[in-house]
Amino acid sequence: MKISADDIYKSVQKIRVANPLIHNITNYVVMNNTANALLAIGASPVMAHAQQEAEDMAAMAQALVINIGTLSSSWVEAMYRAFAAASEKGIPVIIDPVGVGATSYRTETVRGLLDAGRPAMIRGNASEIMALADDELKTKGVDSASASDEALYAAQIISEKNQCVVVVSGAVDYVVLGAVIAKVANGHPMMTRVTGLGCTASALCGAFAAVENDIVSAAVQAMAVTGLAGELAAAKAAGPASLQMHFLDVLYNLTAADIRDNLKVEV
Amino acid sequence: MKISADDIYKSVQKIRVANPLIHNITNYVVMNNTANALLAIGASPVMAHAQQEAEDMAAMAQALVINIGTLSSSWVEAMYRAFAAASEKGIPVIIDPVGVGATSYRTETVRGLLDAGRPAMIRGNASEIMALADDELKTKGVDSASASDEALYAAQIISEKNQCVVVVSGAVDYVVLGAVIAKVANGHPMMTRVTGLGCTASALCGAFAAVENDIVSAAVQAMAVTGLAGELAAAKAAGPASLQMHFLDVLYNLTAADIRDNLKVEV
Amino acid sequence: MKISADDIYKSVQKIRVANPLIHNITNYVVMNNTANALLAIGASPVMAHAQQEAEDMAAMAQALVINIGTLSSSWVEAMYRAFAAASEKGIPVIIDPVGVGATSYRTETVRGLLDAGRPAMIRGNASEIMALADDELKTKGVDSASASDEALYAAQIISEKNQCVVVVSGAVDYVVLGAVIAKVANGHPMMTRVTGLGCTASALCGAFAAVENDIVSAAVQAMAVTGLAGELAAAKAAGPASLQMHFLDVLYNLTAADIRDNLKVEV
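Protein chains in written order, with our numbering: chain V, 1 to 267; chain U, 1 to 267; chain L, 1 to 267.
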């Protein structure tokens, strides 16, 4: 597998032309920025969490993004319903297990969702992906040389168990499908001081998965675009709030040259 | 009827002096920007959706804005209560039927609200207004020359049926009350890539209805201000996120000259 | 007691090094900006309102901020649970009684919370603090020379009754603990045209209380930082939306000199 700047730009163009509908059941903190990121890249966001319409909305979308950042029981019920409806129709589902491991409620919710269906992709940071693989990491023991080694190992466990792509985002993002590992080195440290850019990355994974059937490629493309838009925004920013603004403006204006000149992907 | 730049600026000044309280039961995605738009124009926003206080809050407001963007059953119940309390006191109610037609839950919710009371105004985009008039459009048949003709026809149906002003927003906004049709040609295409500027328009309709008793005038004034603030913001913007920022700054600084030099209204 | 620019900067440095976890149960309107303000100053925000995890999250935080801006019954239940869990562990709790007095539901909710536990701090504007002391103000009578005198008197009543620090924010902020009164004169009038900067102040009170055990000092430091960041942001802003953006960028970049050159505190 090889992912070129050209491939990525082709997907961006597809999103801009097709305006795929991305159904998000996500957290309150990031809804506005998530919707704006999807609009900026060319997709059509919809946020809908009512149990009465979760299935209808998911069934008409081109991707479903489930993010547990501010979960509660009625929202979790809607996540199950939307997940089932999307799976029934073959619509790719992205799960962002925000804060899994921090409370048992989050852990049980994500495990329950993963028992109920097969997502196309799970995207989290290292601690979240390690929390998901906690039992297996404890059982098998880990002799990793570093935290990122351990996260990568956890991602492989979760990928195999759930037969899906797992993205571990960080200074370097790992995109894992079984033995396949791709690395995306785009990004900027100031992005960690903006709330919800990880959630934005998950939403963009949905947009790319809506136009690119190969889910590893879709994940790499989305993470690369998120990271390099962050770099370009940081270069213009005086702090995290102007970074957020420039990030959306960069996504909207993204050119083939922006991608070609900044891409740091290794498969 | 004639609406001049002077009339509009007089209403802006009234809002700035009176700081009318605008009660919003709106969606999670846009709450922050809606509140900021109301503050920028000079109004006082309040967001309150608890069933325990929906009536109290509506009864003390100068306008009520109901937006179903991220509805769920307890919020819908609060919408009914607030709507009844506002109607009882003669407070103008604006309904924004976000996504009506996309799911039957949204359609039934809006129809239920319209059966329960008479709003001063309904504001939506062409597909939403057409979805509201769906049964009548099918029954009567439509021989419209264009989509905007059909939306306009739908607006007239809905206006007559509900005895209220209907605003169809788009590249050109139509403000309809029975046979009266006003057109507002202000606006900028990039506004469609910012989430919730339609919701902002509805909230501003509330602010203008709070100070201008003639609801057609209030709607035209609000849509003109939204559109021309969007134009002025787009002229300074590098993309949709900076457009959103400049939009609020423009509203805050709006002068009589801004309105006079940019107004594109036709009654 | 004396609070110097040096003391404030030391607390900022502690926040930047320790990244204290601040658990917020807050309103929908401000969640994004609150999280971003906490990230910009160096803290780690978490928003969590599910009854299933409110206690777990509060118990692992370094401060808990309860804000009733868009309350509903299930959220209020989570507030009680988190409050109890934080109190049990000695974690400082900040209460922001948004809109108390506007509806009886808000008033009863805040009174119920204050009956159930002792917060470290209550932060509100003059009308909110006066609403909280309403019964006592009526009973005792008030012969205040001005509204700010009355708010100050109300703050003393509430401080004594609840044995906690009370902050009344306005053009001048008052930090009150019984007979101790500190004044912070930092701030800018345009801040009142940005939604949720008061909520941001409450969240920053949480961040400072996480690293500064003296709650009067923590409150003064947080209000001073909020106010002077607002001043510095306003100097660069064209309106309230650019003020919000610069505010977060200023927090992120805050230097010892920024504080020293702008501090207006009087104890």
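Possibly wrong hints are sitting among the right ones.
[Said to hold, decoys possible] The following residues of chain L were derived to be distant from chain U, with all beta-carbon distances above 10 Å:
no. : residue
1   : 4
2   : 102
3   : 117
4   : 136
5   : 139
6   : 150
7   : 180
8   : 181
9   : 185
10  : 214
11  : 239
12  : 242
[Said to hold, decoys possible] Have a look at the derived ranges for each label pair, beta carbon to beta carbon:
no. : chain 1 : residue 1 : chain 2 : residue 2 : range
13  : U       : 256       : L       : 181       : 56 to 66 Å
14  : V       : 117       : U       : 260       : 51 to 61 Å
15  : V       : 18        : U       : 135       : 44 to 54 Å
16  : V       : 256       : L       : 236       : 33 to 43 Å
If you're looking for bench data, these hints aren't it; they were derived computationally from the structure. Using N, Cα and C, we set each Cβ at its ideal position, and we do this for glycine too.
The hints, checked one at a time:
Every CB of chain U lies more than 10 Å from the CB of residue 4 of chain L, the least distance being 34 Å, so the non-interface label holds. A Cβ of chain U approaches the Cβ of residue 102 of chain L within 10 Å, the least distance being about 7 Å, so the stated non-interface status is violated. The Cβ of residue 117 of chain L sits about 22 Å from the closest Cβ of chain U, beyond the 10 Å cut-off, so the non-interface label holds. Distance check for residue 136 of chain L against chain U: the nearest CB is about 23 Å away, which clears 10 Å, and the non-interface claim stands.
For residue 139 of chain L, the shortest C-beta to C-beta distance to chain U comes to about 24 Å, beyond the 10 Å cut-off, and the non-interface label holds. Distance to chain U confirms residue 150 of chain L as a non-interface residue, since its nearest Cβ pair spans about 21 Å, more than 10 Å. Distance check on residue 180 of chain L: its Cβ is at least 33 Å (rounded) from any Cβ of chain U, clearing the 10 Å threshold; non-interface status holds. Every beta carbon of chain U lies more than 10 Å from that of residue 181 of chain L, the smallest distance being close to 29 Å; the non-interface claim holds.
Against chain U, the non-interface label of residue 185 of chain L holds: every CB pair exceeds 10 Å, the least being about 23 Å. Non-interface status of residue 214 of chain L relative to chain U is upheld: no Cβ of that chain comes within 10 Å, the nearest being about 33 Å off. Residue-level check failed: residue 239 of chain L sits 3 Å from the nearest beta carbon of chain U, not beyond 10 Å. Not every Cβ of chain U is farther than 10 Å from the Cβ of residue 242 of chain L; the closest lies at roughly 6 Å, contradicting the non-interface assignment.
In this structure the supplied range 56 to 66 Å is violated for residue 256 of chain U paired with residue 181 of chain L, their Cβ-Cβ distance being about 45 Å. For residue 117 of chain V and residue 260 of chain U, the Cβ-Cβ distance of about 58 Å falls inside the hinted range of 51 to 61 Å, so the restraint holds. Taking the beta carbon of each, residue 18 of chain V and residue 135 of chain U are about 31 Å apart, not inside 44 to 54 Å as hinted. Between residue 256 of chain V and residue 236 of chain L the beta carbon distance is about 34 Å. The supplied range of 33 to 43 Å therefore holds.
Hints 2, 11, 12, 13 and 15 from the earlier list are contradicted by this structure; the remaining hints agree with it.
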